[in-house]
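If you want the building blocks of each chain, they are given just below.
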Amino acid sequence: MTALFLILAAMTIAGTAAAMSLRNAIHCILALTVGLVGFALLFLQLNAQFVGFTQVLVYVGAVAILAVFAIMMTRGDGSHPQPAFSKTWFVGGGIAAVVFAVLAWAILSHPAMGQVATEPAEITVNQIGDALMHRYVVPMEIMGLLLTAALIGAVVLAMPGKQEQP
Amino acid sequence: MAWIVRNLWLIPALPLLAGGIIALAKRSQRVLAASLAIGSMAVSFVLALIAFAHVLSLGYGEHAKEVANINWFQMGQVWVQVGWVLDPLTAVMLVMVTFVGSLIFIYSIGYMHDDENFTRFFCFLALFAAAMLGVVISNSLLLLFMCWEIMGLTSYLLIGFWFHKPSAAAAAKKAFIVTRIGDLGLFIGMAWLYAQTGTLLFFDAGKGCVEPSALSALVSHTTIFGWTLSTAIGLLIFCGAAGKSGQVPLHVWLPDAMEGPTPVSALIHAATMVAAGVFLIARVYPLMAAQVPSVLTPTLALQVVTWVGAITAVFASLIAVAQWDIKRILAYSTVAQLGYMMMGLGVGGVSIGMFHLITHAFFKALLFLGAGSVIHGCSGEQDIRHMGGLKKSMRVTWLVYTAGTLALCGVVPFAGFWSKDEILHSAFAFSLTRVPFYLGAFGALLTAFYMTRQYIYVFFGTTNRPAVHQDFKHEEPAAIEHGHHSPHESPAVMTVPLVVLSVFAVLLGFMGAPFWPWFQSFIEGAPVAFSAAPFMEALPLMAVSSMIVLVGIGLGWALYGRRPITSATAPDVLEAAQPQVFGVLNHAFYVDAFYKATFVRLNDWAAAISDWFDRWVWSGVVQVVSYSTLGFAWFDNFVDTNVVNGGFDEGCETVSRGGKLLSLLQNGRAQSYLRMIGLALIVLVVILLWEARA
Amino acid sequence: MSPLTGCILLSALLFSIGLAGALTRRNAILVLIGIELMLNAANLNFIAFWRYGPNPAALTGIMFTIFSISIAAAEAAVGLGLILAIYRHQKTTDLDEMNSMKG
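Line by line, the protein sequences give chains V, Z and W.
Note that our numbering has the first sequence beginning at -2, numbered continuously upward.
Note that our numbering has the second sequence beginning at -7, numbered continuously upward.
Note that our numbering has the third sequence beginning at 180, numbered continuously upward.
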């Protein structure tokens, strides 16, 4: 439990909490970006460099931008100011709090959590690439297929239908 | 390991691929479908020839067997292995199946030319070929069983190809279900074998289930009735083989399978698939023959195989004598010949049975395709009484059919003679009893007789005897569209395969003739030698069997050939002499009707007894009961209106209120659903933790 | 508290934050973002167990995370596409107003 970890944890928590609680949606996305960068730094700190950089590329570079575009496109004309939280927000918040409580209880009551290896393993991108191309080649191909399908699906969904064109 | 052994899987994989592509093709892409199927079969044939040459180059004995096993999947600690094997048995079967298959595929172009589902037909054919080749090469009983079942499926699809005909659909179902009964035995035997030996590989460098170490373990244990384990398992496997190969009493599906298109009958229900049962027994022959070293008599399993085979041979031959449908005669003849093969396996071993399998495949395919050509030429007519005189109008078909008939009858020197004679010779030398030999000889007599009968009916006499018996007319849709006109010769695409097959039907027997038993020694892995001694030894028996055949043919000629048959309504000569016997044979010993009849009879008796009781015993009782019932009913009515109705209404309202309450949960908002998931997560974690503490 | 416990606790907290967002926000896009956060928290779990687990050379945690990120990306693309499509029909992204699934 180093100071670095605590700082990164604080940054991530702050970013995500802000992303989930601010009123302005654009501000939310900006806060989210901070939180996602926090995630990436946490991954780096845990010696998973490759995943960390992937995180930055995918989430900060793509998902966040996508979300910004989506918000811009669905903003409407501002005539119906929309409240940020649903009317029964206290129920949802309560459930989330209880979920955290039982999870924390489960984690802290588990005896095996203390005994861990502390030597960091040096994993090169080479090894990851090797594993992807050999042992995990079928899941990777399936993933490629899935991404292609998602790409096409997203385009089809977002394409304006013919009957709606003016 | 040689290239061909490593890549033996290509042989079934190519037709499978072709079948897969054709399945995606449009109905109109006929040329694509046919060329893909035939092309893949041709390439497989070339590969099979390479494999054959490779086995030849390996020499004799144990070298001539190469296996390639791969780990398929892990089950607990155990890797399930599958693989393929290349040995003489496989090589011979591969060449036979791919060669006959290719010819029949080509023939099908002509035969199915007018069918609108031409593409689908070739898809099924290619799938079938893939499954059959898979059975042939597989080195694991599990893989063999899987291909075996795919084969059963394609057989079902092809028998029911004209599924709009109710009889075809019923025949397809029947074939599927009857063979499934046998397969149940095979499956149990397979599971038992796995439980005992821990492997389903046939050959695995001494550890396979038909290799000595496993066999000695199997024969050292006895089970029910004091049978050795190998015998019990062998008999179970034989159930599967008997189902697939149409042995009595599971033969009933095979004649009905003739509802399929004729090329299908030729390929699947005569040349290859039905022979798969024989092939299976040949493959597990060491298991069937395994015996404690001190005992010298044949094992019980082999005795059963012999008896079932011999009985089937005579039984089916008798039925064939009294059939009218050209394809049914051939079907029963196929059942009989499969009986011969089983008998050959039982009395003489793998090489004897396999030799008949190979020769039979060629001449029976020839006969079926010839019959198809006849049917095609006669515009879909299948009743031999309405044919006749085709000698003149269908010259090529007539000639090749003659060759096939002579081969099936077993006339010197056609192929069937040598292989059938080998079986009879082995049966004569069988150590326990000579009854199978006598049965076999009687079957040979009948074979010659009914083939002569059919031959004369079809090719001699007056042309186109008028059709009267509509109930015997099975019109094949493919041929209907030709319209009814006088018999005509089939196109070259049909006759050329016939001619090729007929060459083999004439010459193939010489590769296993007693003076040069190349085939037998190739299968058994012993060097071949040209010698006249065994030939001289076998000569008396050959003379006897030739006499039998000649008597059969002579009898047929005397009864049917002397006076030309002019009318389709004239009763059969046998029918006129012995109507009862003929009727029994014509209805195939009523085997089909057997179960039905017993059940119906039982039902009738039960009904009659119940009726008597009803009239004389229960009637009075019923009167009493009815009045008391009326009283009860009145009382019931009173209770119903005042007590029960109120209760039910109350219950219904409770349910309805509960439903309304629950429907509140379905409020259509995604977030409330998500909330439920969160609650469920909480409950789940709490339950798990609680259990972990306890 | 060992580093592993710290990581797992942090991941549980982030998961709960994401869940809270997904349960309470009215804007469908932000609900989607909350779900993405939950996925990320799960990824953190995988990485932590991989880092402190007995056999890091097996790369299982890394691989799972990579595939999980890919799936999350696909999910985000399709999810946002869906939201756009719904917006075109209903002119809103407010989840409280989308109740056509009401039973």
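Hints are computed from structural coordinates only; laboratory data are not their basis.
Each hint should be verified, as a subset may be incorrect.
What the hints assert, rightly or not - Using 27 Å as the maximum straight-line C-alpha spacing, the simulated DSS-like pairs for lysine-lysine come out as follows:
| id | chain 1 | residue 1 | chain 2 | residue 2 |
| --- | --- | --- | --- | --- |
| 1 | Z | K652 | V | K84 |
| 2 | Z | K199 | Z | K57 |
| 3 | V | K84 | W | K270 |
| 4 | Z | K18 | Z | K157 |
Treat the numbers as computed from the prediction; the structure is a model and nothing was measured.
Is it true that the CA of K84 of chain V sits at most 27 Å from the CA of K270 of chain W? 20 Å, holds
Distance restraint between K652 of chain Z and K84 of chain V, which requires alpha-carbon spacing of 27 Å or less: 23 Å, holds
27 Å limit on alpha-carbon distance, applied to hinted pair K199 of chain Z and K57 of chain Z: 15 Å, holds
Hinted pair K18 of chain Z and K157 of chain Z, Cα distance within 27 Å: Since the Cα atoms of K18 of chain Z and K157 of chain Z sit roughly 24 Å apart, the hinted pair holds (cutoff 27 Å).
Hint check: no violations occur; every hint is consistent with the structure.
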